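K.L.:
Full structure from sequences and hints, please.
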Amino acid sequence: MIYVKDLSKTFGENQVISHIDAHIRPGEKVVIVGPSGSGKSTFLRCLNLLEQPTSGTITFDGEEITNPQTDINQVRRHMGMVFQHFNLFANLTVKKNIMLAPVQLKLMTKEQAEEEAMRLLKLVNLEDKADVYPVQLSGGQKQRIAIVRSLAMNPKVMLFDEPTSALDPEMVGEVLELMKRLALDGMTMVVVTHEMGFAREVGTRVVFMDEGVIKEENTPQEFFANPKDPRLQDFLSKVL
Amino acid sequence: MEGQWESFKNGIYQTFILKDNYMYFVKGVKVTLMVTVLALILGVILGVITAVVRSAHDQQPANKRSFLLKVMNGACKVYLTVIRGTPMMVQLLIMWFVIFAGQRATDGNLIRCAVISFGINSGAYVAEIVRSGIMSIDKGQMEAGRSLGLDYASTMRFIIVPQAFKNVLPALGNELITLLKETSIVTVIGLRDLTKGAMIVNANTYQAFVPFLAIAAIYLLMVMALSWLLGKMERRLRQSDIR
Chain A
1 MIYVKDLSKT
11 FGENQVISHI
21 DAHIRPGEKV
31 VIVGPSGSGK
41 STFLRCLNLL
51 EQPTSGTITF
61 DGEEITNPQT
71 DINQVRRHMG
81 MVFQHFNLFA
91 NLTVKKNIML
101 APVQLKLMTK
111 EQAEEEAMRL
121 LKLVNLEDKA
131 DVYPVQLSGG
141 QKQRIAIVRS
151 LAMNPKVMLF
161 DEPTSALDPE
171 MVGEVLELMK
181 RLALDGMTMV
191 VVTHEMGFAR
201 EVGTRVVFMD
211 EGVIKEENTP
221 QEFFANPKDP
231 RLQDFLSKVL
Chain B
241 MEGQWESFKN
251 GIYQTFILKD
261 NYMYFVKGVK
271 VTLMVTVLAL
281 ILGVILGVIT
291 AVVRSAHDQQ
301 PANKRSFLLK
311 VMNGACKVYL
321 TVIRGTPMMV
331 QLLIMWFVIF
341 AGQRATDGNL
351 IRCAVISFGI
361 NSGAYVAEIV
371 RSGIMSIDKG
381 QMEAGRSLGL
391 DYASTMRFII
401 VPQAFKNVLP
411 ALGNELITLL
421 KETSIVTVIG
431 LRDLTKGAMI
441 VNANTYQAFV
451 PFLAIAAIYL
461 LMVMALSWLL
471 GKMERRLRQS
481 DIR
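Respectively, the protein sequence lines represent chains A and B. Per this note's numbering, the very first residue in the first sequence carries number 1; after that it's consecutive. Per this note's numbering, the very first residue in the second sequence carries number 241; after that it's consecutive.
Just so you know, the hints here were simulated from the structure itself, not pulled from any lab data. Predicted model only: the values in this text are computed from it and were never measured. Hints may be right or wrong, so weigh each one.
[Claimed, not checked] No more than 27 Å apart at the CA atoms, straight line, and that leaves these computed lysine-lysine pairs for DSSO-like:
#, chain 1, residue 1, chain 2, residue 2
1, A, Lys106, A, Lys129
2, A, Lys129, B, Lys379
3, B, Lys259, B, Lys249
4, A, Lys110, A, Lys95
5, A, Lys95, B, Lys406
6, A, Lys96, B, Lys472
7, A, Lys96, A, Lys122
8, A, Lys122, A, Lys95
9, A, Lys129, A, Lys96
10, A, Lys122, A, Lys106
11, A, Lys110, B, Lys317
12, B, Lys472, B, Lys421
13, A, Lys110, A, Lys122
14, B, Lys472, A, Lys95
15, A, Lys106, B, Lys379
16, A, Lys156, B, Lys379
17, A, Lys95, B, Lys379
18, B, Lys406, A, Lys129
19, B, Lys406, A, Lys96
20, A, Lys106, A, Lys96
21, B, Lys379, A, Lys96
22, A, Lys215, A, Lys228
23, A, Lys5, B, Lys304
24, B, Lys379, B, Lys317
25, B, Lys472, B, Lys270
26, A, Lys106, A, Lys95
27, B, Lys406, B, Lys317
P.N.:
Right, here's the structure in full:
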């Protein structure tokens, strides 16, 4: 589904990602872990070109999205993204947050989008928040709404950039629960996270990134039971 | 004491009542408000466009800027430099005596000239105010919009500019107040605004105290009314901030 070939990204002198190859298959739940500054967020943000790669190619559904001729807005419709800081539109109510993109991109009429928004809000038990502004919500509520906002676009793949890192500990659970449900529904997911429990339980493949390269990748069982890379062994001994 | 009171009463009589002089003030207020409001609308349109072009240029990585964007950014920079670098009165004189040269000095033409001059002038200041607002919005808002497939322009229009606008409303209010008061220099091209009205009355009646203090009071009242309106608008826009 997503092929990454020889991807590199530098910020000035600083090489954040160097020559990464990766392949994400339909239905996979790829969990990317690693120390901070390892380039995992940058890698994820390259997948929908929020970060412009310095070199290398990314192909999504047979289309080379790193080609300047590609209409990236068209591609992004099919790739949902969830951010660490939620990034709900502060000037719009919850319902309008969800409706904006489908309506503006003429994928749905206003009525359809409203119906869909209410259906999605029911899914996360937040239908009573439809008409409030994001500032009135808790972190966990914001993140669940950010997730369903992406879902309203019917994406083929969802990218999660540390979705629980900015949450109070007691709200992490509700967000992970929703992500698990998504996974069970068969959504293709790429998740950057520090939640090892989630990686183990939901991931179909866990990737360890360090210093801008993929040091090791494996099934969750093998990854946690038999880490081979010394840096990964060190990392796991600290986080587990 | 008695004499001063008499002369004050006489001043009032000559300023307002004699020969229906009060009409100079009534018509003057109308002209002043009309020039201010129309110039404000033009200024905000010009300002927002300039601000969006400048921000779009600055937010785009250097190798992704299109030729058109570079040209537009250059034009905007020239606009800001020239307009903010020359006195408003000089701009007004150039507009009337050079660009409007040969036009008859009818009220319509004079007002048109004043609105265009003040609109262009105000737009340069509004542009920088709005740009500061755009830059104050968290980068994540733009990223969220773009990640959903919205293009740059739509994200600006529906997400960034509305939030920026709310943040800069106090500064915009300031600009509007300045604009209202600064329209008094349209007297130099002979447009009969509030200030010109007082000057005419002064020339006809030799009264100074009453007409000039009267227009000072009228300007003050208009500014106070504007501030009140702006405060109301700000509270309405702050709706999304109430926890």
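K.L.:
Compare the structure with each hint and give your call.
P.N.:
Hints versus structure:
Distance hint between Lys106 (chain A) and Lys129 (chain A) is fulfilled; the C-alpha atoms sit about 25 Å from each other, no more than 27 Å. Proposed proximity of Lys129 (chain A) and Lys379 (chain B) is supported: the alpha carbons are some 25 Å apart, at most 27 Å. Among the hinted pairs, Lys259 (chain B) with Lys249 (chain B) is consistent with the structure: their alpha-carbon atoms are about 16 Å apart, no more than 27 Å. Among the hinted pairs, Lys110 (chain A) with Lys95 (chain A) is consistent with the structure: their alpha-carbon atoms are about 11 Å apart, no more than 27 Å.
For the hint pairing Lys95 (chain A) with Lys406 (chain B), the CA-to-CA distance comes to about 21 Å; that is within 27 Å, so the pair holds. Taking the CA atoms of Lys96 (chain A) and Lys472 (chain B), the gap is about 24 Å. The hint holds against a cut of 27 Å. As the CA atoms of Lys96 (chain A) and Lys122 (chain A) are separated by approximately 15 Å, the hinted pair is consistent with the 27 Å bound. Between Lys122 (chain A) and Lys95 (chain A) the CA atoms are separated by roughly 12 Å; this keeps the pair inside 27 Å, and the hint holds.
Straight-line distance between C-alpha atoms of Lys129 (chain A) and Lys96 (chain A) comes to about 11 Å, which keeps the hinted pair within the 27 Å bound. Between Lys122 (chain A) and Lys106 (chain A), the direct Cα distance comes to roughly 23 Å. Compliance with the 27 Å bound is thereby established for this hinted pair. Straight-line distance between C-alpha atoms of Lys110 (chain A) and Lys317 (chain B) comes to about 40 Å, which puts the hinted pair past the 27 Å bound. Restraint check: the Cα-Cα separation between Lys472 (chain B) and Lys421 (chain B) comes to about 21 Å, which is no more than 27 Å; the hinted pair holds.
Taking the CA atoms of Lys110 (chain A) and Lys122 (chain A), the gap is about 18 Å. The hint holds against a cut of 27 Å. For the hint pairing Lys472 (chain B) with Lys95 (chain A), the CA-to-CA distance comes to about 26 Å; that is within 27 Å, so the pair holds. The hinted pair formed by Lys106 (chain A) and Lys379 (chain B) meets the criterion: a straight-line CA distance of about 25 Å does not exceed 27 Å. In summary, the hint linking Lys156 (chain A) to Lys379 (chain B) is supported, as the alpha carbons are separated by about 25 Å, within the 27 Å threshold.
This hinted pair checks out: Lys95 (chain A) and Lys379 (chain B) have alpha carbons roughly 22 Å apart, not beyond 27 Å. Under the criterion of a C-alpha separation no larger than 27 Å, the hint pairing Lys406 (chain B) with Lys129 (chain A) is consistent with the structure, at around 23 Å. For the proposed pair Lys406 (chain B) and Lys96 (chain A), the alpha carbon gap of about 18 Å is at most 27 Å, so the pair holds. Under the criterion of a C-alpha separation no larger than 27 Å, the hint pairing Lys106 (chain A) with Lys96 (chain A) is consistent with the structure, at around 15 Å.
A threshold of 27 Å between alpha carbons decides the hint, and for Lys379 (chain B) with Lys96 (chain A) the separation of about 20 Å falls inside it, so the pair holds. For the hint linking Lys215 (chain A) to Lys228 (chain A), the alpha-carbon distance of about 9 Å falls within 27 Å, and the restraint holds. For a cut-off of 27 Å, the pair hint linking Lys5 (chain A) to Lys304 (chain B) stands: about 22 Å separates their Cα positions. Pair hint Lys379 (chain B) plus Lys317 (chain B) holds up; C-alpha atoms about 24 Å apart against a cutoff of 27 Å.
Taking the CA atoms of Lys472 (chain B) and Lys270 (chain B), the gap is near 23 Å; set against the 27 Å cutoff, the hint holds. Among the hinted pairs, Lys106 (chain A) with Lys95 (chain A) is consistent with the structure: their alpha-carbon atoms are about 17 Å apart, no more than 27 Å. Restraint check: the Cα-Cα separation between Lys406 (chain B) and Lys317 (chain B) comes to about 25 Å, which is no more than 27 Å; the hinted pair holds.
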